[in-house]
Amino acid sequence: KVPAHDYVKEIFAKYGGFIPSGLCIQYFNKYLKVIMKEIGLNDIITYSYTKGGKLVTATREKWELISSHTARRSAATNMYLTGRMKTFEIIKLTGHRSEQNFFRYIRLTGDDTARNISGDMFFRK
Numbered sequence: 042k043v044p045a046h047d048y049v050k051e052i053f054a055k056y057g058g059f060i061p062s063g064l065c066i067q068y069f070n071k072y073l074k075v076i077m078k079e080i081g082l083n084d085i086i087t088y089s090y091t092k093g094g095k096l097v098t099a100t101r102e103k104w105e106l107i108s109s110h111t112a113r114r115s116a117a118t119n120m121y122l123t124g125r126m127k128t129f130e131i132i133k134l135t136g137h138r139s140e141q142n143f144f145r146y147i148r149l150t151g152d153d154t155a156r157n158i159s160g161d162m163f164f165r166k
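Take the sequence shown: its position 90, counting from 1, is numbered 131 in my numbering, and each next residue is one higher.
Just so you know, these hints were derived from the structure itself, not from any lab. All values derive from a computational prediction rather than experimental measurement. A virtual CB, placed ideally from N, CA and C, is assigned to each residue, including glycine. Please note that the accuracy of each hint is not assured.
Stated by the list, open to error - Listed below are the simulated DSS-like cross-link pairs for lysine-lysine, each with C-alpha atoms no more than 25 Å apart in a straight line:
no., residue 1, residue 2
1, 133, 50
2, 127, 50
3, 103, 71
4, 133, 42
5, 55, 42
6, 42, 127
As the list claims (entries may be wrong) - Label pairs and their in silico Cβ distance ranges:
no., residue 1, residue 2, range
7, 159, 67, 40 to 48 Å
8, 43, 111, 18 to 26 Å
9, 69, 156, 25 to 33 Å
10, 66, 159, 36 to 44 Å
11, 160, 67, 39 to 47 Å
12, 160, 49, 24 to 32 Å
13, 87, 161, 27 to 35 Å
14, 164, 71, 40 to 48 Å
Start from the sequences and build out the full structure, keeping to the hints where you can.
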C-alpha cells in the first residue's frame, strides 16, 4: 500500500472519499501544455533520440515536452535526491523491477549527484 499525501487526503475529503471523475489523460496533457505555455515555461530544450537507427537532435520549448508522466518521473527523482527514502522504497512505489532500471528512469545529472553527495559528512571538516 502507498500512503496518501496530505494533498490527496484533502481532495478525498472535499469529494466525500471519492476521486473526482475528470478528464481523460489526453485532454489532461493537452490542458497542462496550455497552462505551462501561459505561465511562460518556454526554456529551449535540445534533446536527442534514435529514429530508424539514426540519432536525431530536436529543439523544443519546455512546455511542449511536459506531460502527466513528467510529474511521475520528477516525483521519483525528488524522492531520491532528498535522501529521506531508501532506494528500494522508492522502487516499490514506482514499480521498477530493478535498481538499474530505476536509475535509468530518474536520469540523474552530474550536478544532481554532486549536490547529493556534497552534504555527506565525508565532505565536511
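### Query
Which earlier hints can't be squared with this structure?
The structure conflicts with no hint, since it agrees with every one listed earlier.
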